[in-house]
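Here are the chains, one letter per residue:
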Amino acid sequence: MTEIFPFRRPPELDSGRSELHPVLIAGAGPVGLALALELARFGVRSVVLEPRDRIDPGSRAICISRRSMDILDGIGVGEEFRAAGLGWVRGRSYYRQHLVFELEMPFPPLEKHFPMTNLQQSTMEQILAAEAARRPEVDLRWQSRLRDVSQDAERVRGEVETPAGRYALEGAWLVACDGARSAVRERLGLRLEGFASPGRYLIADIRMKSAHPTERRVWFDPPCNPGSTAIMHKQPGDVWRVDFQILGDRPDAEELDERRVCERIGSLLEMIGERAPWGLLWTSVYRAYGLALPRYRHGRVLFAGDAAHLVPIFGVRGLNSGFADANNLGWKLAHCLRGLASDALLDSYDLERRAATQDILRQAAKSTVFMTPPSEGERILRDAVLSLAIRHPFVRPLIDPRQSVPYDYRESPLNSFDAGERAEDAAVPTGAPLPNVRVAGSSPASWQPRHLGDGLGPDFCLLLFEDDAAGSGRAESLERALACAGVAFRLVVVARSAGRAEERGERRCILDPECALREALGARDGTLLIVRPDGHLCARLHAPSPARVVRALERALQREGEGARGTAARRFA
Amino acid sequence: MTHLTPPELEEIFAALSRALNEVAAAERVTFLAKLAMLLADEVADGGRVRELIASAQQDLEKAPAAR
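Keeping their order, the protein sequence lines are chains Z and Y.
Letter by letter, the first sequence follows residues 1 to 573 of my numbering.
Letter by letter, the second sequence follows residues 574 to 640 of my numbering.
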């Protein structure tokens with residue numbers, strides 16, 4: 001049953017005037033909803049405007065990266081995603097009938113989430129919409145189309161079109177999460193720049209009972225579909241996703257003809273020995289794009305997800321980079337609105353996420369060359385490599401689908417370093433997200449994070465690695481220093497022994513008896529890690545003075561050189 | 574750097590010709606691309622391989638294909 005989301009009469013429709021909402025979000029897709037939930041973590045209210053009255057069917061984005069699962073944990077839906085989804089680690093690529101590449105993604109025993117989790121985008125949106133409806137900070141308005149957006153130095157204005165008429169709406173900020181055909185982007189006269197690959201894929205969901213495990217399977221030039229490429233993924237609920245490269249130039253409508261689609265799928269299933277009955281659920285045609293806006297911030301309007309960038313499907317970077325956008329932007333907007341940072345911090349959203357997109361496009365261009373060779377030269381080399389791969393391991397890395405990996409903000413202006421240290425000096429470089437590993441124990445009894453990620457956030461987290469000499473007093477003096485710096489933070493001591501932790505009373509301590517965290521995070525006794533609200537490391541400082549820590553936090557909030565807000569910190573320094 | 578002797582070159586000439594004759598016409602280009610990748614891996618010097626690609630591109634009869 002498709003749920004229809006009713007139109008609810010907002011106050012603006014009767015009063016004829018709008019309060020200044022802190023944040024307007026265009027689009028209740030996964031990125032818009034994730035952003036609203038990120039803001040809600042900080043108590044920031046948002047109005048989400050969505051023209052549709054229902055969630056679109058079909059799998060669309062299906063592979064959720066480990067990093068995205070960590071982000072979803074942060075906004076309170078990780079458990080639901082985990083319960084609904086299918087985790088996986090393996091992939092297999094075939095050339096004709098030969099197995100030519102096996103993908104095995106790392107799954108360290110202490111990590112919380114599978115490297116990949118499969119879940120239909122329609123289910124993701126249901127979970128996110130239900131959570132948004134539970135949060136008082138999120139005002140989710142279905143059947144409401146935002147139009148005629150304009151802005152001045154103070155606010156963004158728009159008209160909202162609803163079944164009951166139009167009303168004016170104002171917000172301090174607008175985030176356009178309205179997808180590939182973003183109406184906000186068009187209204188502002190902005191253009192995506194980049195490439196459109198000539199290749200097309202037919203994508204389909206089928207219902208079929210099969211005992212085959214959850215893994216990514218790719219067939220190049222399969223006997224059932226010579227010259228083409230096919231991809232198959234398992235989804236929850238006995239649903240399988242099949243993608244076929246379309247050869248030739250028949251129009252989309254012909255490729256989507258149900259009989260033609262069923263013949264293709266039937267021949268693939270026959271080739272791989274699936275005998276169970278199956279039925280077609282959903283079909284679509286997909287084109288590979290590598291397009292992005294030259295800037296993601298335009299005054300008080302910011303762009304996130306597909307509205308900001310369209311990346312090729314191969315390597316599952318589309319929605320995963322959209323979740324990373326929401327994760328990056330949420331805390332920054334919240335800090336501006338809470339008066340803890342100026343809007344200079346928002347320029348770092350543009351900088352960091354555009355750098356991530358450029359990296360994604362470089363990686364995705366490589367997978368796209370393999371999945372839909374754009375020219376004769378690339379097709380010849382691709383075929384040569386596939387043929388060689390049967391017997392020659394040296395070419396096999398070229399077949400690696402290069403699945404999405406989190407982007408490290410190594411070049412970020414928010415990072416601070418000890419003299420002589422560089423971002424890449426440690427296993428977790430400064431700028432990278434912290435691994436979400438199991439913690440050995442913690443205290444007090446009222447605070448028991450199972451994994452590191454559960455113990456961070458929503459504010460800045462200072463992880464102070466303490467030696468066992470009792471009463472160094474470092475934590476206390478740091479807290480005193482930061483109390484007048486105007487920074488929202490949580491300080492957690494990472495102690496080596498439980499006894500030491502107990503002496504701490506109510507102070508939050510994580511136990512690291514085997515020094516596993518020290519090793520994983522490149523820390524030693526006396527190290528302080530500053531973790532941003534989005535879980536990215538922004539400073540690894542050894543035995544810093546309180547003033548040094550204040551400066552690093554000022555930098556992470558882009559408050560350096562500022563007048564009023566900087567004074568408290570400067571006074572202390 | 575050592576080079577092939579004229580008799581060795583003659584043998585390679587013959588072996589490669591034979592192989593090209595044996596491969597189906599439609600697969601000759603793939604065959605040569607495979608051979609090029611195998612030789613590149615043996616050379617194990619990216620800069621040198623790129624120079625050799627450029628050398629092979631010189632003095633072909635036909636005008637370059639439009640891109």
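Be aware that one or more of the hints could be misleading.
[As the list claims (entries may be wrong)] Distance windows between CB atoms, simulated:
1. Z:Glu-411 - Y:Arg-621: 28 to 38 Å
2. Y:Arg-623 - Z:Arg-362: 53 to 63 Å
3. Y:Arg-623 - Z:Arg-379: 42 to 52 Å
4. Z:Arg-362 - Y:Leu-612: 36 to 46 Å
5. Z:Leu-247 - Y:Ile-626: 47 to 57 Å
6. Y:Ile-626 - Z:Asp-53: 49 to 59 Å
7. Y:Glu-600 - Z:Asp-53: 24 to 34 Å
8. Z:Gly-227 - Y:Asn-594: 22 to 32 Å
9. Z:Gly-76 - Y:Glu-600: 51 to 61 Å
10. Y:Arg-623 - Z:Arg-45: 55 to 65 Å
11. Z:Pro-108 - Y:Arg-621: 17 to 27 Å
For the record, the hints were derived by calculation from the structure and aren't laboratory data.
Ideal Cβ positions, reconstructed from N, Cα and C, are used throughout, including at glycine.
Outcome for the supplied range 36 to 46 Å, where the beta carbon pair is Arg-362 (chain Z) and Leu-612 (chain Y): violated (28 Å)
Arg-379 (chain Z) and Arg-623 (chain Y) - C-beta distance against the hinted 42 to 52 Å: violated (21 Å)
Consistency of beta-carbon spacing, Asp-53 (chain Z) to Ile-626 (chain Y), with hint 49 to 59 Å: With a Cβ separation near 57 Å, Ile-626 (chain Y) and Asp-53 (chain Z) satisfy 49 to 59 Å, so the hint holds.
Distance restraint hint 51 to 61 Å, applied to the beta-carbon atoms of Gly-76 (chain Z) and Glu-600 (chain Y): holds (56 Å)
Status of the given 55 to 65 Å range, CB of Arg-45 (chain Z) versus CB of Arg-623 (chain Y): Holds - the Cβ-Cβ distance for Arg-623 (chain Y) and Arg-45 (chain Z), about 57 Å, lies within 55 to 65 Å.
Hint check for Ile-626 (chain Y) and Leu-247 (chain Z) - Cβ pair distance inside 47 to 57 Å: At roughly 29 Å between Cβ atoms, Ile-626 (chain Y) and Leu-247 (chain Z) fall outside 47 to 57 Å, so the hint is violated.
17 to 27 Å as the expected CB spacing between Arg-621 (chain Y) and Pro-108 (chain Z), which holds or is violated: violated (39 Å)
28 to 38 Å as the expected CB spacing between Arg-621 (chain Y) and Glu-411 (chain Z), which holds or is violated: holds (33 Å)
Beta-carbon spacing of Glu-600 (chain Y) to Asp-53 (chain Z) - inside the hinted bounds 24 to 34 Å or not: Violated - the Cβ-Cβ distance for Glu-600 (chain Y) and Asp-53 (chain Z), about 55 Å, lies outside 24 to 34 Å.
Cβ separation of Gly-227 (chain Z) and Asn-594 (chain Y), checked against the hinted range 22 to 32 Å: Roughly 25 Å apart at Cβ, these two residues keep to the hinted range, so it holds.
Range agreement (Cβ of Arg-362 (chain Z) with Cβ of Arg-623 (chain Y), hint 53 to 63 Å): violated (20 Å)
When held up to the earlier numbered hints, the structure conflicts with 2, 3, 4, 5, 7 and 11 and fits the remainder.
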